[in-house]
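Spelled out from the first residue to the last, the chains are:
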Amino acid sequence: MISPRGVFHPSTGRLTVTAMSVIEISELTKTFGEVLAVDHVSFTVEEGTVVGFLGPNGAGKTTTLRMLLGLITPSEGSATINGRLYRDLRSPLHVVGAVLESSGAYPGRTARNHLRIQATIGEVPRSRVNEVLELVELTEAADRRVGHFSLGMRQRLGLATALLCDPEILILDEPANGLDPEGVHWLRELLRHLAREGRTVLVSSHILAEVAQTVDSVVILDRGRLVSHETLNQLTAGAQQAVRVRSPKARELAATLAAHDANAEILGGDQLRITGASSEQIGTLAAEHAIPIYEAATEAPDLEDIFLRLTAAEQRKGT
Amino acid sequence: MTRLIRTELLKLRTIRLTYGLLATVAALTALFATLEASRAGTAGTGVAPISTASGLSTVTTVTGFAMLIAAVLGAIVASGEFRHASATLTYQATPHRERVLAAKVSVSAAVGAFFGLLAGVIATGVGLLFASGDGTHFALSTATLLGHIGGAICGAAALAALGAALGSLVRSQLAAVIGIFVWGIVIESLIGGLFTSVRAYLPYTAATTLAGAKLGNAAFGPAHGEAGSAGPLPFIAALALLAALAVAVSVLAARTTVKRDIA
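One line per chain: the protein sequences are A and B, in this order.
Anchor point for the first sequence: position 60 equals 60 in this note's numbering, and the numbering is continuous, going up by one each time.
Anchor point for the second sequence: position 68 equals 68 in this note's numbering, and the numbering is continuous, going up by one each time.
Keep in mind that the hints were calculated from the coordinates and are not lab data.
Here the structure is a predicted model, which means the values were calculated and not measured.
Check each hint, because a few of them may be wrong.
[Stated by the list, open to error] Covered stretches of chain A (chain B as the covering partner; in silico rule of three or more C-beta atoms under 8 Å from a C-beta of chain B):
| id | region |
| --- | --- |
| 1 | 66 to 73 |
| 2 | 104 to 111 |
| 3 | 120 to 133 |
| 4 | 284 to 295 |
Note that CB positions come from ideal geometry on N, CA and C, so glycine has one too.
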């Protein structure tokens with residue numbers, strides 16, 4: 001369990017808990033030969049937040065995370081954790097737990113032995129191995145060789161490895177890859193559980209909807225460039241919301257709305273999909289024109305549309 | 001460093017490959033020692049009777065193949081991390097990669113030493129078994145036999161350390177393993193056969209002479225048994241040569257490939 005970081009003021013007897021950046025990426029750049037994989041990317045991750053790190057395949061997410069973990073040397077810029085380069089962390093496994101795309105387990109070794117090795121290097125008691133196996137629901141398969149695991153089981157083992165030393169920060173690269181719908185649900189619950197414990201989580205994905213229910217904010221990368229870094233509310237605020245309405249006078253309502261600069265699409269029968277007007281505005285207009293409304297529902301903004309729009313805009317800029 | 005060494009030892013203890021290589025060392029040493037003992041004293045083989053010091057030592061020093069296997073073990077310890085992408089986890093746990101390299105070289109040397117001990121004991125056991133079957137006294141003293149076993153331990157440890165350094169430098173497991181066999185079986189035989197004056201300085205040959213093998217006795221192919229005019233290096237010189245090689249290759253690896261990106 002992670003306790004929040006704070007400062008105790010003896011004069012007032014109060015504990016002030018302040019959000020601080022635990023991850024700082026500054027002008028981070030990486031070129032592989034002629035290929036510019038990451039292009040002057042800067043963002044921060046505040047303590048105790050869950051941040052989605054998004055972008056299409058090849059956007060530079062994994063390269064950025066590997067630079068943060070000291071596995072790849074940046075061409076320019078810096079990536080720090082708690083103000084230090086990863087290699088300068090005193091006990092890195094106790095500060096950061098990471099799951100990268102590859103599980104990193106030797107296929108001929110059992111899951112339990114894989115974790116025993118990590119427990120030895122991380123200097124945590126052997127009993128912790130059983131705890132994390134239980135947490136990721138791999139107890140039954142603990143003595144099977146990792147080479148016989150499904151991709152989903154390997155992802156779970158990767159999470160168990162990351163959680164073994166009880167780190168305050170988690171860096172997860174595409175953890176939902178290979179998980180079935182039940183597994184994705186399980187992962188979502190686990191991330192929520194970790195967030196409730198006050199841990200900082202940076203989770204990458206190429207599907208916004210996959211992490212939308214869990215994250216506080218998103219960092220979107222495309223072609224190595226930072227496209228957006230904002231909260232989900234900020235991200236969806238600019239998106240056009242739609243209202244679905246059922247009315248026996250659908251055509252009349254559509255015409256009335258069109259006269260008020262709203263756009264109504266008749267979906268067939270008595271159904272309309274309206275953009276450019278809120279449900280309150282639609283209700284008021286309908287009442288003024290004595291048009292009955294049987295049902296009105298606001299559609300959630302389509303996250304994938306937003307994501308695709310942002311990344312497509314970046315691609316247009318790049319060409 | 002102790003923690004890293006414990007971790008590397010645990011890694012080796014928890015894979016079947018280690019036990020497979022150990023079994024290979026035991027089986028091949030027993031096989032070659034038995035073959036040499038069977039040939040001893042037979043006309044045309046060039047192997048003296050087992051009742052003589054020369055004949056018995058030909059059998060008790062058949063530990064060269066175990067040394068090559070020890071080098072292979074070292075190469076696998078280091079390069080296997082890249083083959084199975086476990087280097088990612090290893091370097092996350094220990095970002096100072098040169099420490100990981102030092103731990104791998106040390107652990108490989110320790111396990112290699114065990115391979116050498118096993119091979120030395122088996123070869124000596126087979127030699128004494130055949131010698132006692134002849135109903136004669138043993139032509140080599142206990143001290144000499146223990147010296148052969150000690151030499152096998154040192155030679156296998158040194159080659160295992162060299163193998164680990166090489167595995168770190170090359171990073172490709174297949175290339176490292178093939179390279180070790182090609183070097184030991186083909187290249188050293190060729191160089192040793194053509195230039196007998198440098199034979200004593202070749203790493204595999206130097207390791208085998210540590211264990212008491214006559215110069216050229218551990219060589220494969222046409223160079224086998226061709227001692228030439230030069231003698232083996234003194235024990236300390238051979239050991240220092242192998243240690244220097246392992247350190248040099250380790251330093252080269254630490255300054256080049258070990259620093260490379262793990263993408």
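Right, here's what the structure says about each hint:
With a threshold of 8 Å between beta carbons, the proposed coverage of the region 66 to 73 of chain A by chain B holds, since 6 of its residues qualify and at least three are required. Residues of the region 104 to 111 of chain A lying with their CB closer than 8 Å to a CB of chain B number 7, which satisfies the three-residue condition for coverage. For the region 120 to 133 of chain A, the proposed coverage by chain B is satisfied: 4 residues have a C-beta within less than 8 Å of a C-beta in that chain, meeting the threshold of three. With 0 residues carrying a beta carbon less than 8 Å from a beta carbon of chain B, the region 284 to 295 of chain A misses the three-residue requirement, and the given coverage is violated.
Hint 4 from the earlier list is the only one contradicted by this structure; the remaining hints agree with it.
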